[in-house]
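Asker: Residues per chain are reported as follows:
There are 2 protein chains.
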Amino acid sequence: MALIVAKFGGTSVASPDRIKNVARRLVRLKQQGNDVVAVVSAMGKTTDELVGLAAAVSDNPPSREMDRLLSTGEQVSMALLAMAIDKLGYKAMSFTGRQAGISTTGLHKMARIVTVDNVRILDALSEGVIPVVAGFQGIDENGDITTLGRGGSDTTAVAIAWGINADVCEIYSDVDGIYTADPRVAPRARKLSQISYDEMLELSSAGAGVLQSRAVEFARKWKVVIHSRSAFSDEEGTYIKEDSAMETAAVTGIAHDTSEVKVTLRSVPDMNGVAGKVFSALAAKMVSVDMIIQNISEEGFTDISFTCPESDLDKACETLERILPDINAKAIVVDKDIAKISLVGTGMKSSPGVAARAFTVLGDQSINILAISTSPIRLSMVVDQAQTATAVQALHTAFGLDSDSVFEETQLTPEEVAAKMVKGR
Amino acid sequence: MALIVAKFGGTSVASPDRIKNVARRLVRLKQQGNDVVAVVSAMGKTTDELVGLAAAVSDNPPSREMDRLLSTGEQVSMALLAMAIDKLGYKAMSFTGRQAGISTTGLHKMARIVTVDNVRILDALSEGVIPVVAGFQGIDENGDITTLGRGGSDTTAVAIAWGINADVCEIYSDVDGIYTADPRVAPRARKLSQISYDEMLELSSAGAGVLQSRAVEFARKWKVVIHSRSAFSDEEGTYIKEDSAMETAAVTGIAHDTSEVKVTLRSVPDMNGVAGKVFSALAAKMVSVDMIIQNISEEGFTDISFTCPESDLDKACETLERILPDINAKAIVVDKDIAKISLVGTGMKSSPGVAARAFTVLGDQSINILAISTSPIRLSMVVDQAQTATAVQALHTAFGLDSDSVFEETQLTPEEVAAKMVKGR
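Going line by line, the protein sequences match chains W and Y.
Note that our numbering has the first sequence beginning at 1, numbered continuously upward.
Note that our numbering has the second sequence beginning at 1, numbered continuously upward.
Chain W extracted, bound-state conformation (with noise of 0.2 Å):
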């Protein structure tokens, strides 16, 4: 008995069938006596080939007429739920972001949400209705529809489970919780029964993308417990939510990303302000930098090293070539083949240990660290791509992560891994 908000996935309603399967779900909380609402993303692939009708008609289309094409996704999967629910002898309705009350800033395609004002849905649960709303979507003071940004439906989620005071949000995906590292990387990564917002943070943001920051942000304010679990079981998944315990592990998991480069200038002059100049013509151009190296300078030259997105890499380069006879580099030098490797812990604040027990496990593997950043409960360190399963595995036994079972699927060799992992996942 408990006031539940699902959220269903691109993937779980691509087709009529899996739209009747996420129907046959909600109706089987509802048997059990719960109150539930859903919310839905648009299906599959649907997003991606309105964005390739607008790119055929415009190189450049208004953001408010992309923000109403694009919000016509999910309410035609929202329409189709609640057609299939109501065949199963359930009372259901749809909302539209604007009748479900998510008011947002003016900003199209990456809105804001201000209010979320419910009474919409709550009447309709009082009358025993399954209300199932447009993920992604809301309206601002004009009227006029905005969407979220991509993968907003996570944060209209947990935004609706705040405006009716839902007991937990239920984001159901593919994937069937959080785990203590990729299970495709690390075949003894264990399922995490809970996690706290910080870490969930720290681990979607240094490669872990299970669930959008954003939403997790917002829960973590408005103490939203979310719920990560599986679309295609039973099983429960990983509550995020305030951390309880009285003390914990040092490390509660292991990220790892491969979305990113490393870009080296070449034997800059080593003088006041050079480093500056290079940063500030990045941010300038909204290249994402995320570590930055600098090595020990040798007869008035040193090499400045930064990592950034690959989707980022044309942005950086040309910027850097633009700036080059300023700041007299001999050569700029990318390098692809880069992972990052991050622990994240809330222990990791009251265990100084960490960081060298964690490089001295990567020296033992006679793995190079090429560059290190960290935060109270992460600690980063970047590696040569191809050492990625054996750094995450070393690490996971060390920190004591190991399950007793072991991933079938994932008996592979660390080459047959990297050749695996996407890219940006």
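Just to be clear, a hint being listed does not mean it is correct.
[What the hints assert, rightly or not] Label-pair ranges, simulated between beta-carbon atoms: (1) W:L313 - Y:K91: 32 to 38 Å; (2) Y:R28 - W:K285: 38 to 44 Å; (3) Y:L3 - W:S126: 43 to 49 Å; (4) Y:G89 - W:A331: 42 to 48 Å.
[Said to hold, decoys possible] What the simulated footprint calls covered on chain Y by chain W, stretch by stretch (three residues with Cβ under 8 Å from a Cβ of chain W suffice, anywhere in the stretch; the number is not a length): (5) 57–71; (6) 264–276.
[Said to hold, decoys possible] DSBU-like, lysine-lysine: derived pairs with alpha carbons at most 35 Å apart: (7) W:K20 - Y:K91; (8) W:K20 - Y:K109; (9) Y:K109 - W:K315; (10) W:K87 - Y:K45; (11) Y:K223 - W:K45; (12) W:K91 - Y:K109; (13) Y:K20 - W:K45; (14) Y:K285 - W:K20.
Hint data in this document are derived by calculation from the structure and do not stem from the laboratory.
It should be emphasised that the depicted structure is a prediction, and the values quoted were computed from it without experimental measurement.
Ideal Cβ placement from N, Cα and C applies to all residues, glycine included.
Since the structure of chain W is provided, determine the placement of chain Y on it from the hints.
Answerer: Showing chain Y alone in chain W's frame:
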């Protein structure tokens, strides 16, 4: 310098390239100094695809959800058209039915327009914007999306034209106007420069399916001038407006309709109440009976025939078989190979000889008339379907409608024409 509503159907916006064509056309109208509002249908077969998705989820989808699903089709095309206009350097803004101020009854899937409040459209026009309105949809008093029924975009266009007091409502399609007869059947058909609302309504209901009857009725009631023209040429089409001529020709146009079938009840006892039983039963099952023919009684028995749309035939036969024992008829005979030929003209009221002349013309061609029905401005005759082209051509010539020029593509034999004709067009 005029205020124009321009409506484009699904074929005209079926692809990004066609949408760009429509945008160029609208910009040209604007460059000529006109103010213009566009109304669009869903792209190509989108509506059919959405109907297919719904059918895959439920065999009886709730109509509220069906309306939200279908309304997304027009929302996609309106956004894309606004983008295409913007790309040409002109200001455009899309409007849903709600934003365009189309309020309807709550009868989903076949809502009727209650009020039109175009303040947002007028505001946009005053700022030099080309408003692009989603056809086919409105909003009921609960704030729920409604749709106006198939082809409702014509009605939206006429309603907006009335709401903003436009000079003309241009309806663009793949047909370049209203003809004295279907040029595929009558090679000497002439395009009419204008036609009255009453004549247009009679022609539409007699099978000439260029415009939606409901849109024409709305236009007649509120005195909106419609201009039916081609989306693919600049040539003038046909104006549908109030009859302004002092005197008019007896016959304005000839329509034919091959979508009906004739059903005959053989050897019914010629007793009071039998016809009443038959047609009450058919009415109860929503069979649209068009013409009724009762032959002369012989020895106390008679044949009762009627015509109805082929799509109602199964319902009609089931109904008749059920009551057959009750009325003591011998058999049900169905004739699918019939055509209804209709002469339409407001001048017919003051030309009593039209019917007699039409019968003589068909008699001279050895064409047997199977049934007759009339209205003050229409005379319809049912003939053998194979004789459609012969009948239309002979009547077209006899009533002085022939053009000097001949449609080359229609140099077909009557048999070829019959084979080419689309049932229920």
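Asker: If a hint holds in the structure, say so; if it doesn't, say that too.
Answerer: Results of checking the hints against the structure:
1. For L313 (chain W) and K91 (chain Y), the Cβ-Cβ distance of about 37 Å falls inside the hinted range of 32 to 38 Å, so the restraint holds.
2. At about 40 Å, the beta-carbon gap between R28 (chain Y) and K285 (chain W) stays in the expected band of 38 to 44 Å.
3. Distance hint check: the CB atoms of L3 (chain Y) and S126 (chain W) are about 48 Å apart, consistent with the given range 43 to 49 Å.
4. At about 43 Å, the beta-carbon gap between G89 (chain Y) and A331 (chain W) stays in the expected band of 42 to 48 Å.
5. Closer than 8 Å: that is the beta-carbon criterion, and the stretch 57–71 of chain Y has 12 residues meeting it against chain W, so the requirement of 3 holds.
6. For the stretch 264–276 of chain Y, the stated coverage by chain W is not satisfied: 0 residues place a CB nearer than 8 Å to a CB of that chain, which falls below the threshold of 3.
7. This hinted pair does not check out: K20 (chain W) and K91 (chain Y) have alpha carbons roughly 42 Å apart, beyond 35 Å.
8. At roughly 23 Å between alpha-carbon atoms, K20 (chain W) and K109 (chain Y) fall within 35 Å of each other, so this suggested pair holds.
9. A distance of roughly 51 Å separates the Cα atoms of K109 (chain Y) and K315 (chain W); the hinted pair therefore is violated under the 35 Å criterion.
10. For a cut-off of 35 Å, the pair hint linking K87 (chain W) to K45 (chain Y) stands: about 26 Å separates their Cα positions.
11. The suggested pairing of K223 (chain Y) with K45 (chain W) is violated, with an alpha-carbon distance near 46 Å, which exceeds 35 Å.
12. For the proposed pair K91 (chain W) and K109 (chain Y), the alpha carbon gap of about 19 Å is at most 35 Å, so the pair holds.
13. Our distance criterion of 35 Å between C-alpha atoms is met by K20 (chain Y) and K45 (chain W), whose separation comes to about 24 Å.
14. For the proposed pair K285 (chain Y) and K20 (chain W), the alpha carbon gap of about 33 Å is at most 35 Å, so the pair holds.
Violation of the numbered hints given earlier is confined to hints 6, 7, 9 and 11; the remaining hints are satisfied by the structure.
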